[in-house]
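Visitor: Following the hints, complete the assembly by docking chains C, H, U, D and R onto the known chain B.
So the chains spell out like this:
6 protein chains.
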Amino acid sequence: MSSQPSRYTDPGATDWRLHDIVAALRQSRETTHNVRHKGRIREMPSRDALAGIVKGLQAALFPTHYGRPDLSDESIDYFVGDTLNSTLIVLAEQVRRGLLFVSDADASGDADLSAQAIQITRHFAASLPAIRALLVSDLQAAYQGDPAATSVSEILLCYPGMTAIIHYRLAHKLYELGAPVLARLISDLAHEATGIDIHPGAAIGPAFFIDHGTGVVIGETTVIGEGVRLYQAVTLGAKRFPTDESGQLLKGHARHPIVEDDVVIYAGATVLGRITIGKGSTIGGNVWLTHSVPPGSNVSQALNRND
Amino acid sequence: MSSQPSRYTDPGATDWRLHDIVAALRQSRETTHNVRHKGRIREMPSRDALAGIVKGLQAALFPTHYGRPDLSDESIDYFVGDTLNSTLIVLAEQVRRGLLFVSDADASGDADLSAQAIQITRHFAASLPAIRALLVSDLQAAYQGDPAATSVSEILLCYPGMTAIIHYRLAHKLYELGAPVLARLISDLAHEATGIDIHPGAAIGPAFFIDHGTGVVIGETTVIGEGVRLYQAVTLGAKRFPTDESGQLLKGHARHPIVEDDVVIYAGATVLGRITIGKGSTIGGNVWLTHSVPPGSNVSQALNRND
Amino acid sequence: MSSQPSRYTDPGATDWRLHDIVAALRQSRETTHNVRHKGRIREMPSRDALAGIVKGLQAALFPTHYGRPDLSDESIDYFVGDTLNSTLIVLAEQVRRGLLFVSDADASGDADLSAQAIQITRHFAASLPAIRALLVSDLQAAYQGDPAATSVSEILLCYPGMTAIIHYRLAHKLYELGAPVLARLISDLAHEATGIDIHPGAAIGPAFFIDHGTGVVIGETTVIGEGVRLYQAVTLGAKRFPTDESGQLLKGHARHPIVEDDVVIYAGATVLGRITIGKGSTIGGNVWLTHSVPPGSNVSQALNRND
Amino acid sequence: MSSQPSRYTDPGATDWRLHDIVAALRQSRETTHNVRHKGRIREMPSRDALAGIVKGLQAALFPTHYGRPDLSDESIDYFVGDTLNSTLIVLAEQVRRGLLFVSDADASGDADLSAQAIQITRHFAASLPAIRALLVSDLQAAYQGDPAATSVSEILLCYPGMTAIIHYRLAHKLYELGAPVLARLISDLAHEATGIDIHPGAAIGPAFFIDHGTGVVIGETTVIGEGVRLYQAVTLGAKRFPTDESGQLLKGHARHPIVEDDVVIYAGATVLGRITIGKGSTIGGNVWLTHSVPPGSNVSQALNRND
Amino acid sequence: MSSQPSRYTDPGATDWRLHDIVAALRQSRETTHNVRHKGRIREMPSRDALAGIVKGLQAALFPTHYGRPDLSDESIDYFVGDTLNSTLIVLAEQVRRGLLFVSDADASGDADLSAQAIQITRHFAASLPAIRALLVSDLQAAYQGDPAATSVSEILLCYPGMTAIIHYRLAHKLYELGAPVLARLISDLAHEATGIDIHPGAAIGPAFFIDHGTGVVIGETTVIGEGVRLYQAVTLGAKRFPTDESGQLLKGHARHPIVEDDVVIYAGATVLGRITIGKGSTIGGNVWLTHSVPPGSNVSQALNRND
Amino acid sequence: MSSQPSRYTDPGATDWRLHDIVAALRQSRETTHNVRHKGRIREMPSRDALAGIVKGLQAALFPTHYGRPDLSDESIDYFVGDTLNSTLIVLAEQVRRGLLFVSDADASGDADLSAQAIQITRHFAASLPAIRALLVSDLQAAYQGDPAATSVSEILLCYPGMTAIIHYRLAHKLYELGAPVLARLISDLAHEATGIDIHPGAAIGPAFFIDHGTGVVIGETTVIGEGVRLYQAVTLGAKRFPTDESGQLLKGHARHPIVEDDVVIYAGATVLGRITIGKGSTIGGNVWLTHSVPPGSNVSQALNRND
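Chains as they are written, first to last, in my numbering: chain B, 106 to 412; chain C, 106 to 412; chain H, 106 to 412; chain U, 106 to 412; chain D, 106 to 412; chain R, 106 to 412.
This is chain B alone, in the form it adopts within the complex:
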């Protein structure tokens, strides 16, 4: 390279010792956990495919907001039907891949898995009108809960809380139907877009509203009633993680809060453990709460001030 300057055109200029690195990476793969499962390739669900699926479902549920703005009375059902069909076909394939992670997939042939995936997809499709009804209740709660909101359309277009709840309600249904990995992926898509992290296993009633939302965490076994409102950075988390005798974490047991109807939790509050926040309570910002409070409680943080 010395006397004849050039950019990447000398032979060997871009020799990276690829053979050595490729070999070392292969060795690294082989000595660690391998996705190869009993000798067969387990195709991963695709994050990009899931993102497209959520986009398609949103368009089918709210066609003029998330689909195309110029739909007319005569064209809207064609749009909804066609969007649903193409979305569900992609979803069925992702569900099939997801099943490789949960079912005893080795015992059943691929054909069984496909049939099972289509069955799940069909049930999911059938639940979409009910999901839409829940989302409408959430929309109305947002409109009533935020003085800055000027229309329902604005909430659909601009509110990250709404984005997170749409993702959650779709993911939760897939979780219920036996597709937890897909559910989790959808949930993380919402997390990436909004900073709101709702585990798809959580059970959340209608008319749910999250304002601003960045940093909200809602754990796997959380139960939330109707008309609950959360602000940014609220954690509904686990306090401790019980282990079995061998010290392994116990997975799946109830360890997150129960939040009853009409509770409001302000920014930054941290609520931990299987405690109950009674109906109609208000939890102040930045509060750290690890025990149950009765209905109608008002919890707030101490303040020191040295001015």
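Note: identical chains are not told apart, hence a pair may lie in one copy or across any two.
DMTMM-like cross-link-like pairs, simulated, lysine to aspartate or glutamate; straight-line CA separation at most 20 Å:
id	residue 1	residue 2
1	K384	D367
2	K160	E148
3	K344	D367
4	K160	E297
Honestly, the hints are just simulated from the structure, not real lab data.
Computed from a predicted model, the values in this text were never measured in an experiment.
Guide: Quick look at chains C, H, U, D and R alone, frame taken from chain B:
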């Protein structure tokens, strides 16, 4: 095909009962809030279009950082002029759509709306040099405020706080010019990218710096002076939401803090209500503050320690 | 056209006074900091290119998760080798651009910079197997640390903490090799996707796990041991920023915490300054901590309750 | 550039004297024909938009061949309806632009033009089933006329003659409805893809088949009966172009051949002028024919051979 | 639309009577040939997929010309292997679809078809080095045959004849292996790009060169020896199409010319029927030839001139 | 794969014996002509880049037809300038690559080649106004020569002859400036789009018109005067290719026709050798002409007819 099922090739394999679902979704749409406004389609502003508009404006304002890195003295103005023109044409159409939400659009014909949209866009365009000057003051504040910053270019390329402020200053101008829905959309684009949620209605002085920024919330009626610095997860929010006699939220009245010049607010502080933080004050991390403090105050959190 | 107004078809309908705005923006550029460095164009590194580079590296490190799901034993090394090669070529060019910011680039010719960039890229490439080994330790820590995790694949696909750590480990190596601006850009890409902000200068040991993660901030001079676990909104920050006699910030001196092995820090804790958190300590949620604590400490927040 | 080698990074390295060239091009535009029509911008129809429109129409007409291959009984109509709707909306806008070229557009307002464009589009849409019926007759003619054809699907997927006829039948309808510029654009899209140049003004009966097709030219006033078959490089052209007294070409008068039912014309034949080729005639390859021939004629070329 | 002009925003403005058209198109589909084959969907091979496959194969065969120009000694095999693998996976799926058209697909299950498709793909892959050797002979023939050719690279990059021959040699192998529909699609892709129409069934020896090429047609049963050269618009076609007793075309029988070694055929010549052009003959431009000629013949057209 | 049907999921299902094929292809590359030139990689010019360059130049020359249709008086120069600049930067890099094929590139360093490429690009840019003037003369010739043409815009949008001439005039200038490979690539792009093959070395006067055009071939040393008109499938070719004593083709000597002013050549005529067609002559369709004809000649084909 008989006994060995296969992948999606049987007739009916991908029958989702589309007719039923499409009909149920139609019914759901018809019984809830409808975007059809007095019999006419209200085209929604497009989130993707807004994202492209912001990208175009950023490129026009800082061409070598956000446009293309190889612009020369003779080519840069062509790039700026062409980028501006194509961006403003798209913006004018989005402004027109946004006006359907705010003006008494039914009374005025489409032609009036278009003319009004172009007028707003023209005023917006004319304000870009002033916006750039503000952004340069913000850049300098960032460079002086962060010991990790090594150059102004690094701040433009890598600092989420800068991204949020650029979006805010553009959105705020549109808000002032009567395009609040577009402003809100731009604001949510910044929120999605940075985790910083600044309502476009807030009034923020020059030399503003947000470090890290995730979880920052700045409410609609907040007023911020010159040279203010915020860290991640700071909330400048409302304490309570007054309602009218019928229990409806009062919209738009002053309910967020006034932060005077040269105030620093550390990570996680929550400042609520129409209070004033006096010039030069420092608010410590995780503080919960709901009353005014005089200039030069120093507020910090209590700490318990049981080790 | 006279009486019936129309949409953008009148001559002048879309006149924005481009000449004035373009001239004002040029003036604004000329009176402020200019990327033109001693008369030469300093090409900026490209955020999009960096995003593609990280994607390529992830695919090379975990081919079936981030590359393509259908790789077989015979095809996987071809995929890894080809992906690496095309990624490293792009990386070398970005490193070259980055060097314009750090080295005394004006003294050396372009050819020298190119050679230096290729050298750095080669060292970076050689370190990939070691980076992969660290990431495997992180994966195992996540699997053991989260009761909701059902498989290693789920963590790779859905955990923002894992995304952030992958970005960090790649960025940190570039930082060490003398490409700090690229490192910072990668770091901000992770921040955008996850809400987790790890400065590439931080030194982090193996088996690191961040759960949920939104709002986590880890400063430039932080030192983290082995087996540390963080939750969302934890700040490992600087307490104050020392200045030199002239009032300029001192850049690069040690000002962030040292977190020893096996420490757990819960959601929202703020740990500031060059303090040491002793091995095995637990820091409670929302705590504000500015002094060192010995090994095995247990720090938690006070709580007021007025119900 | 002398001693320090570099690639495009010196200031001025990429100075192209843009100002001079831009000015010269402006002057060139101003001294020649200008699209500005009586002071208004005449938006050109878009070739790319037309290509998309043809693609959409083909998908609506033959959904499993040109749309998506996995449509089921329940989904196919949704696909057709949605594809049609989105295609027709784009078409209406292109028709509107096309009208600026043909109608006395200056007299009518934009609103009139839009209404007229929608009217044309509606008529066009209504004719699609009839167009499909013609195309089915063409398909059957191709299947029967080519011993190499193994299925109707193969003809739809692989035969350039079929591609050209589909474009022609769509273009011809637009031509009839008063959108000749769009028709011409569609015609040229077929020409580009197939080398077959059919003027949309030609009148062509059912069961038309062109084999191979490259170089076929069919002029504006050609009339073709039912069951006609052409091979590659056949010209049905004009012999001479009559002019008016001032020497200007007379536009639009009948100057191309009439080809009656069941005629076959082999490769390379050139048939010129308003002559009639009688029903059932066969014209041999490479023939040059400028006078009418009665029904059942057999015309072939002379051959010299010097071996 | 009445008094207030607007663009597509009135309800019904874009009513196309979709229901009627969709219903009429459905009826049209049902009364004509249907791709539904004995009740099952026959997925069509995809033209776009085939285009990608050819691109991938070209890149694997000539990596620096059709792949990426900056491959080094250490990276080239990774590129070739990875490109081949991803291309062959897509090809196998297209072969499977193609088999639905040729085999007695109804009798065999999908699994059999998939296995058969993979087998064909494997054989095809194994033949690529031999195909490359033939293409190198064609390249050398082009270089020697065209005085305007300045390098082998120029021929690979710019010669439509070369493009057509590459497509042909790939298509011919698929044709031999039992994938005639795919072969035909590839052949038509070449036709679209070059105007050269070579049926994949033709048998063509090494060192074949077509100059310019537009309008060349080579029929299904043509046999071409070694070192043959064709110019534009040459037809090697069938003279007549024999039918069986019922008047149906006999498919697949030998009806195109045999062209022996070292023959040159000039522009526009039409050679029809199962005749033989003897070794070393020269056929002049625009000749119409329907009988065999012995080796070393020289055939040219008569000329009239009336000046 | 035996009893459990599946699609590509068994290990080895997609084993293609990649190692063998990759090795065989490597061997094939090594035994044949290699692009590696004296040990250095010769980066190929990119066909896709050239396509983009032509698109950019067309947009700069005819902004409202090939650029964007909504340009206004104030925006058009910005568009032209910006489009030119970004196009010329890409062109300069392609010219540099092209120089590796023509110059004694090994003797000169990369920096020299870059400087030379920029010099060529600058000259090319400076010639664009003159090229535009020629194209305007061609446009006027088309409008006057075709009775079917209704406007100049229609010719720019729909006439393949115009497309071919634009490509030719750009390519010819690059050819003159010493970039023959690029010129050839541009020429082949036109060939692909239009079926018209004009060698960039040909010299063509103003007011040139090709109607329909498919199959037109114009050889490297052709000379065409002013106001010439060609129809489809006209060949202006070489009659024979002289060789040197060793049998090698002599490259570059004058071997194609001279066509004087105002000549018209009808469809399918083949004109071969260094002959002269005198001013104002008319050559009939399908004529085979190999000797010069004086000014004002009228040449046509003989016709046999057996009806």
